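As given, the protein sequences belong to chains A and B, one line each in that order. Going by numbering that gives the first Met the number 0, the first residue of the first sequence is number 0, and it counts up by one from there. Going by numbering that gives the first Met the number 0, the first residue of the second sequence is number 0, and it counts up by one from there.
Rather than coming from a laboratory, the hints here were simulated on the basis of the structure. None of these values were measured; they are calculated from a predicted model. Be aware that a few hints might be false.
Unchecked claim - So, partial list: chain A residues that the calculated Cβ filter (under 8 Å) puts toward chain B:
#, residue
1, Pro-286
2, Tyr-290
3, Arg-291
4, Thr-295
As the list claims (entries may be wrong) - Here are the computed distance ranges between Cβ atoms for each label pair:
#, chain 1, residue 1, chain 2, residue 2, range
5, B, Arg-33, A, Ala-379, 42 to 52 Å
6, B, Tyr-39, A, Leu-296, 32 to 42 Å
7, A, Thr-152, B, Arg-57, 23 to 33 Å
Claimed, not checked - A few chain A residues facing chain B, derived, Cβ under 8 Å:
#, residue
8, Ser-110
9, Thr-292
10, Asn-297
For every residue, glycine included, the Cβ atom is placed at its ideal position computed from N, Cα and C.
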Amino acid sequence: MRDLLRRRRMWRRRPELKPRYDVVILGGGSHGLATAYYLRRLGITDVAVLEKSYIGSGAAGRNTTILRSNYKTPEGARFYDASVKLYEGLGAELGYNLLFSQCGHLTLAHSDRAMFVMANRAEVNRLQGIDSRLIGPDEIRELVPTMYVGPDTTYPIHGALYHPPGGIIRHDAVVWAFARGADEGGAEIHPYTEVTGMEREGDRIVAVQTNRGRVAAGVVVNCTAGWSTLLCDMAGVRLPITTHVLQACVTEPVKPFLDVVIVSSQMHVYLSQSDRGEFVMGSEIEPWTTYRTRNTLNFLQDLARHALELFPQLEHARLLRAWAGLCDLTPDYSPILGRTELENFHVSAGWGTYGFKAAPIVGRTMAELVATGCTPDLIAPFSLERFYEDRLVSELAAAAVSH
Amino acid sequence: MSFLLTCPNCGPREVTDFAFGGEVTARPAGRPDRRELNAYVYFRDNVAGVQREWWLHRSGCRQWFLAERDTRTNAVAWTARPEEAPAAGGDRAA
Chain A
0 MRDLLRRRRM WRRRPELKPR YDVVILGGGS HGLATAYYLR RLGITDVAVL EKSYIGSGAA
60 GRNTTILRSN YKTPEGARFY DASVKLYEGL GAELGYNLLF SQCGHLTLAH SDRAMFVMAN
120 RAEVNRLQGI DSRLIGPDEI RELVPTMYVG PDTTYPIHGA LYHPPGGIIR HDAVVWAFAR
180 GADEGGAEIH PYTEVTGMER EGDRIVAVQT NRGRVAAGVV VNCTAGWSTL LCDMAGVRLP
240 ITTHVLQACV TEPVKPFLDV VIVSSQMHVY LSQSDRGEFV MGSEIEPWTT YRTRNTLNFL
300 QDLARHALEL FPQLEHARLL RAWAGLCDLT PDYSPILGRT ELENFHVSAG WGTYGFKAAP
360 IVGRTMAELV ATGCTPDLIA PFSLERFYED RLVSELAAAA VSH
Chain B
0 MSFLLTCPNC GPREVTDFAF GGEVTARPAG RPDRRELNAY VYFRDNVAGV QREWWLHRSG
60 CRQWFLAERD TRTNAVAWTA RPEEAPAAGG DRAA
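Isolated chain A, as found in the complex:
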């Protein structure tokens, strides 16, 4: 009992920055902290994670916690599948309850065209050994008896892509558990430490300037999502990224009546019911670029309308909160992972609306890249260089909710 009430820090406070670290990670979100954690497993512990706000304050704390791997390209499906598999063992490995429920994931199809694309995705997924198949309205009714399937709806439901291993997880817990794991290994976590500049000598970054002083670095890894362009700018690396705002909201808790994740691209909505009974709902990104994380009324109106078409039971549910986060979007809706044209400056960027589900595999592959200097096969297709060579990995049909 005493142990339950004792205040314990998840990671140590570090009053001072050291003058030099072997690895400096920019961004204390799920990707930065996962990278620090997997570096520890490879024996690299002279690591600093610099975060300009509090840990998990960006996209890691603002996503809608959905995990899945039913992507459109073989490269993408393989990559996200490795991530879901790591997530499956993560709670046990980190000794932390991440409240992961693999409740299944349904992507609704409202047209023949959508059915064709889903069938295509299911085939790509199955070739990668991923459980994913097309189902019809009858099976949808069986899986989600509480959802209104029609037929007299604005967007009749023709079928769905069913992905049983998909689900939801507690996002904050993932961040904290990775932070604790990294901290136990000796990595230093520095919140409220904003990078203001970088010192470059030839093809190397030798140090980063922060609001708390200068830090020399052996390797720098940029994991700053929506702010990636600004940090890469300091290093003199250009990115094919635009920053947009994505919004989400949550209702007050209601009795549990939905135990799968529901996504509809055509209705621009995805929703799930959390363990507390709240409906967590999100929509598409705003088409214009911005760094301002404010909600819009249009978002709430559209989302409410579409959510109610699927779940008229929510008519009287009230919203608890709405929030917004930044998304770093690439032209092909696939991430940018690995090396840049600089020798010791790596990026994990371009995550759009699908960064959180990739956190563990990003951490593992980026740590491997830092430790060995070789790009792991799994992330080779996602190099920054692909845009210069026009070798895109198009996830347009499967990554963004709006396509």
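Since the structure of chain A is provided, determine the placement of chain B on it from the hints.
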């Protein structure tokens, strides 16, 4: 909150009336090689600050026009038809 944009023809309208055309980019001079062309097509400044950008009044007069907007606040400094826009000052060459 979302914001208002002033169409040079129709006046102030909600941003949902418009389609965003992205930041103004500089076309490569002469005959670009493949790398230069791809850099022009895909890479963006994506500034956190004042940005000159293209908009289309999709649900109105369907005119393309220019605007200068601060991406940190979404405050729009001006909008204008392309031929009437103030000379580009802070634009960075691609």
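Hint by hint, here is what the structure shows:
Of the supplied interface hints, the one on Pro-286 (chain A) holds, with its beta-carbon coming within about 5 Å of a beta-carbon of chain B, less than 8 Å. Look at Tyr-290 (chain A): its Cβ gets to within about 5 Å of chain B, closer than 8 Å, so that hint holds up. Annotation: interface hint on Arg-291 (chain A) holds; nearest CB of chain B at approximately 5 Å, less than 8 Å. Interface restraint check: Thr-295 (chain A) against chain B, minimum CB-CB distance 4 Å, threshold 8 Å, status holds.
For the pair Arg-33 (chain B) and Ala-379 (chain A), the supplied restraint of 42 to 52 Å is violated, since their beta-carbon distance comes to about 21 Å. Checked against the hint of 32 to 42 Å, the C-beta distance between Tyr-39 (chain B) and Leu-296 (chain A) comes to roughly 37 Å, which is consistent with it. Between Thr-152 (chain A) and Arg-57 (chain B) the CB atoms are about 27 Å apart, so this pair conforms to the stated range of 23 to 33 Å. The closest approach between the C-beta of Ser-110 (chain A) and any C-beta of chain B is roughly 23 Å, which is over the 8 Å cut-off, so the hint fails.
With a least beta-carbon distance of about 10 Å to chain B, the hint placing Thr-292 (chain A) at the interface is violated under the 8 Å criterion. Because the closest C-beta pair between Asn-297 (chain A) and chain B is about 6 Å apart, less than 8 Å, the hint holds.
Of the numbered hints stated above, those contradicted by the structure are hints 5, 8 and 9, listed in ascending order.
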